Amino acid sequence: MIDVMANNAARVRRYMDRHGVSTVEAFIDVCLSLDNLIDPWLPFRDKKPRRASTGSQTGMGTGASSGPEAELEDEPGAAQRARLPRGLHQPAGVHRGAAGKKKQQDEIARRKLPPAPDRDVLGFLMQHAPLDAWEADVVGILREESYYFLPQRQTKIMNEGWATYWHSKIMTTKALRDDEIIDYADAASGVTAMGPGQLNPYKIGVELYRHIEERWNRGQFGKDYESCANLQERTGWDKQLGLGKQKIFEVRRMHNDVTFLDEFFTEDFCRDQKFFTFKENRRTGRLEIEGRSFAKIKAQMLQQLSNFGQPFIYVVDANYLNRGELLLGHRHEGVDLKADYARDTLRSLERVWRRPVSLLTILDDKPKRIRFDGSEISMSDEPQAFRV
Amino acid sequence: MISRIEQDHSRFREIIRGKIRQNLRKYISRGDLIAPKGQGSVTIPMPQINIPRFVFGDNSGQGVGQGEGDAGDPVGGSPKDGQSGSGKAGEGEGNKALEVEVSLEELAEIMGEELGLPNIQRRGTQSLETKKDRYVGLRTSGPESLRSFKATFKRALRRQVAMGTYDARRPVIVPIREDRRYRSWRTDPRPQSNAVIIYMMDVSGSMGDEQKEMVRIESFWIDTWLRSQYKGLESRYIIHDATARVVEREVFFRTRESGRDDDLVGVQGLRRPDRRRVQPGAVEHLRVPLLGRRQLVGRRHRDLHRPAQEPPAAAAQPVRLRAGRVAVRLGAIHQGPAGGVQQAPAADHVGDQDQGRHHGLDPRVSEGRPLMASVRFRRCPAAARPAGGDQGLRRRLRLDTFPVLFEPVDYRHMCEIAAYDGFPTRYPHWRFGMEYDHMLKSHTYGLSKIYELVINTNPCYAYLLEGNSLVDQKLVMAHVYGHCDFFKNNYFFSHTDRG
Chain A
1 MIDVMANNAA RVRRYMDRHG VSTVEAFIDV CLSLDNLIDP WLPFRDKKPR RASTGSQTGM
61 GTGASSGPEA ELEDEPGAAQ RARLPRGLHQ PAGVHRGAAG KKKQQDEIAR RKLPPAPDRD
121 VLGFLMQHAP LDAWEADVVG ILREESYYFL PQRQTKIMNE GWATYWHSKI MTTKALRDDE
181 IIDYADAASG VTAMGPGQLN PYKIGVELYR HIEERWNRGQ FGKDYESCAN LQERTGWDKQ
241 LGLGKQKIFE VRRMHNDVTF LDEFFTEDFC RDQKFFTFKE NRRTGRLEIE GRSFAKIKAQ
301 MLQQLSNFGQ PFIYVVDANY LNRGELLLGH RHEGVDLKAD YARDTLRSLE RVWRRPVSLL
361 TILDDKPKRI RFDGSEISMS DEPQAFRV
Chain B
389 MISRIEQDHS RFREIIRGKI RQNLRKYISR GDLIAPKGQG SVTIPMPQIN IPRFVFGDNS
449 GQGVGQGEGD AGDPVGGSPK DGQSGSGKAG EGEGNKALEV EVSLEELAEI MGEELGLPNI
509 QRRGTQSLET KKDRYVGLRT SGPESLRSFK ATFKRALRRQ VAMGTYDARR PVIVPIREDR
569 RYRSWRTDPR PQSNAVIIYM MDVSGSMGDE QKEMVRIESF WIDTWLRSQY KGLESRYIIH
629 DATARVVERE VFFRTRESGR DDDLVGVQGL RRPDRRRVQP GAVEHLRVPL LGRRQLVGRR
689 HRDLHRPAQE PPAAAAQPVR LRAGRVAVRL GAIHQGPAGG VQQAPAADHV GDQDQGRHHG
749 LDPRVSEGRP LMASVRFRRC PAAARPAGGD QGLRRRLRLD TFPVLFEPVD YRHMCEIAAY
809 DGFPTRYPHW RFGMEYDHML KSHTYGLSKI YELVINTNPC YAYLLEGNSL VDQKLVMAHV
869 YGHCDFFKNN YFFSHTDRG
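As you go down the protein sequences, you meet chains A and B in turn.
Residue 97 in my numbering sits at position 97 of the first sequence, and the numbers go up by one each step.
Heads up, my numbering is the position in the second sequence plus 388, with the first residue counted as 1.
A few of these clues could be false.
Unchecked claim - Straight-line distance between alpha carbons at most 35 Å, and here's what the computed DSBU-like set of lysine-lysine pairs gives:
1) B/876 - A/239
2) B/837 - A/279
3) B/542 - A/174
4) A/169 - B/542
5) A/366 - B/538
6) B/876 - A/169
7) B/414 - B/837
8) B/837 - A/298
9) B/542 - A/338
10) A/245 - B/837
11) A/338 - B/538
12) A/279 - B/829
13) A/245 - B/876
14) A/169 - B/520
15) B/876 - B/538
16) A/174 - B/876
17) B/837 - A/174
18) B/837 - A/169
19) B/876 - A/247
20) A/274 - B/542
21) B/829 - A/223
22) B/600 - A/368
23) A/247 - B/837
As the list claims (entries may be wrong) - Covered by chain A, according to a simulated footprint, are these stretches of chain B (three or more residues, beta-carbon under 8 Å):
24) 536-542
25) 605-612
26) 797-803
Stated by the list, open to error - Label pairs and their calculated CB-CB ranges:
27) A/292 - B/565: 30 to 40 Å
28) A/294 - B/408: 17 to 27 Å
29) A/3 - B/560: 43 to 53 Å
30) B/445 - A/177: 48 to 58 Å
No lab work stands behind these hints: they were computed from the structure.
Quantities reported herein were computed from a predicted structural model and do not represent experimental measurements.
The C-beta atom is built at its ideal place from N, Cα and C for all residues, glycine as well.
Generate the whole structure from the sequences, applying the supplied hints.
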């Protein structure tokens with residue numbers, strides 16, 4: 001990746017020489033505002049990387065502003081072909097008869113872009129937006145780097161916890177001289193310190209690994225243990241299995257933060273580690289401990305971590321209203337989007353798509369569609385919320 | 389010569405000042421860091437540009453925390469802390485915060501740019517301010533002409549040994565791109581004053597408050613501007629009514645006195661002490677017309693320009709605002725976990741917005757421990773090195789890592805690499821400059837410190853901060869092995885490009 005980054009840098013520098021620093025930089029800003037719109041599962045599904053199609057695109061950008069005359073044309077002429085995003089130009093063949101109708105419907109379904117809602121918004125734009133060659137390349141660069149850093153965002157707790165587990169292990173059993181113990185303890189306690197009202201990934205991670213190790217060493221898992229209701233028996237449960245080491249190595253191989261917490265964040269752990277939920281007291285304006293309900297704590301933590309802490313955004317339709325507009329959908333999971341940011345992000349999207357863009361979302365429990373048409377933002381009610 | 393991160397940094401600062409890319413202006417937020425200093429604290433501005441993204445909105449103040457307490461108790465240390473029932477009100481002093489909005493050098497730069505002020509031509513040829521580029525240390529990127537062959541081959545050798553591809557019988561060393569080391573330079577300014585400003589202000593009764601205010605304000609700007617032109621400029625501040633006194637700068641700008649107007653006496657009175665304080669050698673005569681009739685830098689007062697014999701008074705001057713890049717030096721701060729960076733409580737701390745960077749072990753500064761110039765891997769004491777080298781250690785612990793190459797770097801370089809997310813070269817963008825700015829500032833003010841930085845490559849490159857104590861280095865190296873094992877084995881990293 002070191003070489004890839006260096007090559008990317010060289011290409012961006014070249015674009016800056018050719019098109020001007022501010023132009024390229026502004027476009028990078030636009031892409032940055034979209035760089036969390038990627039599909040975390042894509043790298044595991046799609047072996048062939050998406051590539052920026054560079055051919056025949058140069059100059060297409062100018063067609064985007066060809067105005068309303070183009071829309072009135074019956075035939076998808078040259079102007080319209082330039083206006084529509086790639087992949088939508090070919091007119092559907094004229095088919096007669098029932099078979100023909102079926103065929104036509106298939107044709108329409110086939111031509112629906114994307115065929116199913118697509119979370120790889122950046123990849124979609126790179127392929128289908130009317131971009132200049134260099135712009136498509138910049139989108140590709142930003143997307144590539146975003147995917148590269150993705151695993152680190154998905155495994156923050158696990159990664160830090162694992163490293164902390166091992167530094168503590170190595171230091172206390174191997175590498176520490178007697179006279180260094182105080183300095184070490186001082187430094188190590190700083191690493192796992194908990195701040196009020198925030199979670200320290202180092203702390204949660206390392207404690208969870210230790211908890212897992214302990215449980216598997218003592219055999220505190222499986223049906224027998226889970227169904228045991230006797231508290232005394234549970235706490236004294238020890239089958240001397242010694243599987244802890246093996247288990248944590250397995251866990252670090254197979255999990256990410258979400259599955260890690262989902263699977264191993266148990267009620268016992270939650271209680272031992274003194275987790276709580278807090279909430280703002282509207283009257284005094286301060287944050288207060290709300291309670292220590294296990295279900296609530298866990299739900300909230302998982303929600304914060306799912307999709308590496310980003311909202312789920314999909315490309316829904318690239319030919320929305322049959323006008324070549326782009327429609328995105330936000331899968332609402334209980335928390336609204338930050339509205340002003342969402343509006344500005346739509347501006348960035350419009351800069352890339354060069355046609356009006358809309359986002360389906362839910363604001364204050366009402367399904368809404370936010371649209372930016374290149375000059376102003378408008379918001380309208382929707383009959384129903386976007387679902388996948 | 390300007391390094392790449394410096395370019396990004398200056399671009400960021402230009403955007404902040406609104407010189408370029410005005411469209412970004414509305415995204416600029418002025419964050420503050422609060423660094424304790426003495427009794428009070430210093431507020432360090434951390435301007436930030438937030439790129440809009442589709443993100444979750446305000447979580448209506450919800451979150452998960454960890455610690456003691458019952459339902460209804462306030463979450464400790466929250467900045468939103470109101471009057472809590474059990475709190476002790478009004479005890480002790482309030483926290484005094486000194487605002488360091490922009491450094492004076494930046495201020496002068498802004499003023500110069502706004503007003504189109506010329507750079508002052510120096511009188512005479514002997515400019516005593518010298519700037520020298522000195523080659524110190526190595527870095528991972530640079531022009532080929534500065535490549536250090538010796539260091540490059542040493543790196544290559546070390547890498548080959550670590551990866552087990554070195555054959556002692558056939559010692560062929562082939563450096564690859566990552567081994568290359570380039571000589572890096574540092575610009576050492578050697579400030580020596582060749583100019584003295586003497587400000588003199590009448591604070592007697594004949595000067596109304598308004599006049600005094602004008603003098604004060606104008607002399608402040610003159611001072612700021614001239615300081616940007618003459619490094620190591622010395623200034624004397626004199627206030628006088630019936631008698632004159634040399635005062636410190638801060639006093640000068642703040643004093644309000646009243647008394648008789650008899651300045652000549654004052655001038656006579658100050659000659660002697662002042663003369664001894666001014667640096668010998670060429671003294672630039674600066675006309676400061678704004679001080680009007682009381683200007684002292686003209687030819688009429690030759691006595692004042694006579695060379696004196698004592699060391700620069702700046703050294704003895706107790707209070708110095710931040711002139712130029714000389715940061716306000718703070719003692720090392722050792723603070724508990726709750727102190728440190730006081731930003732808004734990140735309710736969603738876990739799923740942070742960061743680009744998945746990994747660095748920054750903890751927000752603390754090690755305290756007056758013996759500092760080591762550099763810790764190189766091979767020089768690690770025997771205690772830190774188990775028999776059989778790190779491979780033996782890894783085997784016994786069952787850690788399965790790529791070869792790890794440690795590299796000690798100084799903190800500027802560390803901040804640079806961290807700003808680039810661990811990579812030696814990234815495309816030019818102000819965002820990296822912003823990161824650099826933040827990390828450098830919090831390091832300078834002792835708020836946080838990047839202990840190590842490790843990137844997911846094979847072999848794994850880990851950067852250690854020079855000057856950490858040996859214990860810290862060992863801890864960090866052990867930590868790095870943990871990360872490296874994770875990078876190598878976790879499923880979600882399996883598709884990443886480690887070349």
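Comparing the hints with the structure gives:
| no. | hint | result |
| --- | --- | --- |
| 1 | B/876 - A/239 | holds (32 Å) |
| 2 | B/837 - A/279 | holds (31 Å) |
| 3 | B/542 - A/174 | holds (29 Å) |
| 4 | A/169 - B/542 | holds (32 Å) |
| 5 | A/366 - B/538 | violated (67 Å) |
| 6 | B/876 - A/169 | holds (19 Å) |
| 7 | B/414 - B/837 | holds (30 Å) |
| 8 | B/837 - A/298 | holds (32 Å) |
| 9 | B/542 - A/338 | violated (52 Å) |
| 10 | A/245 - B/837 | holds (32 Å) |
| 11 | A/338 - B/538 | violated (54 Å) |
| 12 | A/279 - B/829 | holds (33 Å) |
| 13 | A/245 - B/876 | holds (18 Å) |
| 14 | A/169 - B/520 | violated (47 Å) |
| 15 | B/876 - B/538 | holds (31 Å) |
| 16 | A/174 - B/876 | holds (23 Å) |
| 17 | B/837 - A/174 | holds (26 Å) |
| 18 | B/837 - A/169 | holds (23 Å) |
| 19 | B/876 - A/247 | holds (17 Å) |
| 20 | A/274 - B/542 | violated (51 Å) |
| 21 | B/829 - A/223 | violated (54 Å) |
| 22 | B/600 - A/368 | violated (61 Å) |
| 23 | A/247 - B/837 | holds (34 Å) |
| 24 | 536-542 | violated (count 0) |
| 25 | 605-612 | violated (count 0) |
| 26 | 797-803 | violated (count 0) |
| 27 | A/292 - B/565: 30 to 40 Å | violated (53 Å) |
| 28 | A/294 - B/408: 17 to 27 Å | violated (52 Å) |
| 29 | A/3 - B/560: 43 to 53 Å | violated (22 Å) |
| 30 | B/445 - A/177: 48 to 58 Å | holds (51 Å) |
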